[in-house]
Amino acid sequence: MAGTSAGAIVAALLAAGYTVPELEQEMRSLDFASFQDGPARHFGKVGAALAVLLHNGVFKGDALHAWIEERLADKNVITFQQLRRQEEGDDTGTPPYKLAVVVSDISRGRELHLPEDYQALCGVDPDTAKVADAVRASASIPFYFRPVRFRTGPSQESQRLMLVDGGLLSNFPVDLFDRRDSTPPRWPTIGIKLSMRRTPSQGWQPARNPVELARRLVSTMTSAHDRIHVDRSHVQDRTIFVDTNRVRSTDFRITQEQVETLYTNGRSAAQQFLATWDFQQWLNRYHPSQGGAGTPS
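Numbering (this note's numbering), first residue to last: 13 to 309.
Heads up, a few of these hints could be off.
[Unchecked claim] Straight-line alpha carbon distances no greater than 30 Å define the calculated DSBU-like cross-link-like pairs of lysine-lysine that follow: (1) Lys110 x Lys142; (2) Lys110 x Lys87; (3) Lys72 x Lys57; (4) Lys142 x Lys72; (5) Lys72 x Lys110; (6) Lys87 x Lys142; (7) Lys72 x Lys87.
Source of the hints: derived by calculation from the structure; they are not laboratory data.
All chains should be modelled from the sequences, with the hints used to inform the complete structure.
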């Protein structure tokens with residue numbers, strides 16, 4: 013399983029062994045507003061602005077980290093060693109772990125896939141790295157949560173990286189587990205996208221003032237790569253699109269009614285997709301030759 017930001021949280025819990033009913037119970041009982049920790053929340057917009065200037069984020073993110081850590085500990089998962097796959101198989105390039113977390117390393121301007129990149133890029137043994145730390149980094153929504161600072165080694169000369177939301181570079185890593193040896197996959201990889209399927213008419217939105225223009229610029233920079241990716245037919249044909257009713261990842265104070273609507277929409281979208289989707293048909297379309305020479309369109 014793989015995920016970015018909120019998707020990394022869900023993927024981590026599933027990889028740790030949570031069942032769908034258990035996950036549903038956790039989400040229904042969770043007070044999302046509790047993640048808005050730190051003194052800035054008591055001082056309105058002025059406090060938020062100061063927190064961003066002083067700490068690069070409005071909220072500390074400690075409450076989020078603690079919640080993730082506790083949920084994983086309930087399934088006896090602390091480090092990535094406990095998430096190693098029992099059978100690694102023969103898929104060239106497939107990570108040996110059940111979980112892959114996408115993180116943006118803004119210190120070096122690159123995308124990280126954790127735990128896979130821990131050793132080569134950070135000098136850390138992936139088996140000893142804490143799962144909650146990687147998930148917390150991936151969920152560091154810019155300016156909302158403080159970035160995670162990560163030192164690459166014990167010496168003073170080691171680099172101190174600043175890690176934030178993986179969605180800056182890749183918000184939909186559906187191809188992370190695809191084979192790299194031009195051979196057709198042995199099992200399907202299905203993505204879940206928290207948005208409706210885009211149509212050409214949905215692409216145009218006006219920028220009526222400088223503030224709106226700035227927001228559109230940031231949105232374009234952070235989502236253009238994934239939109240091009242998702243618009244490809246071989247990706248769309250293995251993606252479940254879920255209508256979020258305009259609920260955003262930063263809406264921490266959503267009502268119970270909104271929670272129920274999101275759950276219902278997700279369940280309905282998954283049921284509709286699985287009722288008609290066929291892995292063999294997908295293979296026949298995008299890997300038509302037995303040797304896997306077919307190129308996705």
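We went through each hint and held it up to the structure:
no. : hint            : verdict
1   : Lys110 x Lys142 : 14 Å, holds
2   : Lys110 x Lys87  : 14 Å, holds
3   : Lys72 x Lys57   : 16 Å, holds
4   : Lys142 x Lys72  : 19 Å, holds
5   : Lys72 x Lys110  : 28 Å, holds
6   : Lys87 x Lys142  : 14 Å, holds
7   : Lys72 x Lys87   : 25 Å, holds
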